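Start from the sequences, fold in the hints, and give me the full structure.
Spelled out, the chains give:
Protein chains: 2
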Amino acid sequence: MVNYHLKYKKFINQKIKEIREIVGSESAISVLSGGVDSSAVTVLAHKALGNQLKTFFINNGLMREDEPKEIVDTFKKLRIKVKVIDAKEKFFRVLKGKIDPEEKRQAITDVFYEDVFKKIVKESKIKFLLQGTILTDIEETVAGIKRQHNVLAQIGISPEKEYGYQVIEPLIKLRKDDVRKVAKLLDLPGKIHQRIPFPGLALAARVIGEVTPKKIVIVRKATSIVEKELENSGAFQYFPALMNDRATGMRRNKREFGNIIIIRCVESKDARKAFPSRISWNTLDKLQRRITREIPEVTRVCYDITPKPPATIEYV
Amino acid sequence: MVNYHLKYKKFINQKIKEIREIVGSESAISVLSGGVDSSAVTVLAHKALGNQLKTFFINNGLMREDEPKEIVDTFKKLRIKVKVIDAKEKFFRVLKGKIDPEEKRQAITDVFYEDVFKKIVKESKIKFLLQGTILTDIEETVAGIKRQHNVLAQIGISPEKEYGYQVIEPLIKLRKDDVRKVAKLLDLPGKIHQRIPFPGLALAARVIGEVTPKKIVIVRKATSIVEKELENSGAFQYFPALMNDRATGMRRNKREFGNIIIIRCVESKDARKAFPSRISWNTLDKLQRRITREIPEVTRVCYDITPKPPATIEYV
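Line by line, the protein sequences are chains A and B. According to our numbering, the first sequence is numbered sequentially starting from 423. According to our numbering, the second sequence is numbered sequentially starting from 423.
Since the hints were derived computationally from the structure, they do not count as laboratory data. Take every hint as true, because none was put in to throw you off.
Copies of the same chain look alike in the list, so a pair counts if it works inside one copy or between any two.
Listed next, the in silico DSSO-like pairs over lysine-lysine satisfying Cα-Cα at most 30 angstroms (straight line): (1) Lys-695 / Lys-676; (2) Lys-676 / Lys-598; (3) Lys-510 / Lys-476; (4) Lys-650 / Lys-695; (5) Lys-691 / Lys-676; (6) Lys-708 / Lys-695; (7) Lys-498 / Lys-606.
Quick caveat, the model's predicted, so the values are computed rather than measured.
What follows is the structure, given as structure tokens:
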């Protein structure tokens, strides 16, 4: 216990010092996603820079139930002010008609950096961006498994040249486990430092095919149910994905062509390998019952039984 | 036991008598699908009509592994000759580009009746068709849950006017359970009288989106695996469905966009209500392992956990 504290406290103090040295008397920004990585970076940077740091949260319309409000409240308790930027319409506009997951990812990346983010940077006149990139992000990007929108430098794009700012990534040598410990030591609440992973694409990553406001409403409701019912499961990650495919169902004795929700719940140490959780049939039954009752568009619920590899944890 | 035998033997004798009375000295045909309904009707009609009955099996390219051969062999043992019509190309041609399940169903119905079947009828110069329609087919058609291609009369189409023949449906008042008992008394082998239900659309009903020869190969392999691994489960019905949606996966450390197979396995008495079978996690794990190893196109396997209603047993 003493060693654990010492190791991570040392890390925190060192990073605070480094951030101060790099930023000097300039200003910096951090952008919260709501996850443990960007939250830890924000608290670290706030400790290093105080009022020289501005913190933003971009509401892209793809967040979970009440998420923007919860994030603001959480950081308020840490005396960190978060400015929420409403960019819902911009994100839905660029997602319209896009089916290919790489195109969707690119569209979100582009509108994030080249529109919303650029505007923040220009208006804030800052020179430094604090980012919550961690080791797994880089390993997976290099291996070609996924393209992370927060690892521009690693895929050969220079943010300094293209956007006029410099990226600081204090967590780049840590894995998720370490970040959780750092976040705890930074006094972030349990619902953040023990939060299950949630992708940068947010709920758009849980919609197969075109992402529309209507589909986001469906998958948001399903996410609330799945997170509530599995919060005590101890699993590494759990979420629903909304298929584009439909299948027959019947309600009030009439045939209908309904939506399909797939539930993913996995055991994993660091997301590199994962195994489907063997959750009880009673829990599975409750999940399907709540989802099909509370979301009338959904007539079918499935449970993903594939490990990673050969599947990935996420669907896109 | 005596009552059981008596009741169904009486039914069989009565139907044989009725078929003889209706057909007289004319000819009749039966078309096998491989299922228990059309098999029972064929044996009944053969007992009634002997050589006045001609029996066909249409290979539409949508059958399971080795199915055409197995059907011919089974009926050979009962001294009933089955003529196999190869219509694979015709079926794939009409299915090309069709995504909507009702359009696919219609295309299969149309090519079956208006092309392949019409040809058989014309060339055989018969006046009577023996069909394996059962009570559930009619109930579901009337309720609008599904459109059965073998209940033309019930949905207001007159086969006599439109195709020039008369339909005889000896099983029309029986449910699946009764048909199985009749089939057993007719000396059909266990693999037919205890056979799990398989839809008229065959493997086309297990492909979401466009049905192509390539997708049929995938779902046929998956069907072999699922039927083999679950044959001793005692479940009412079990099958895989191939989604049109794809999801990310990884093989040899590379990201790929793979196919999704959903496994459906249900407990039911007569298909009107159904509950997902609570099969063991070891079996589920074996299923996903065999499917992803033996079918490299598939990177994800899910298990359907929805009862009927609100889902149906089948996907289309």
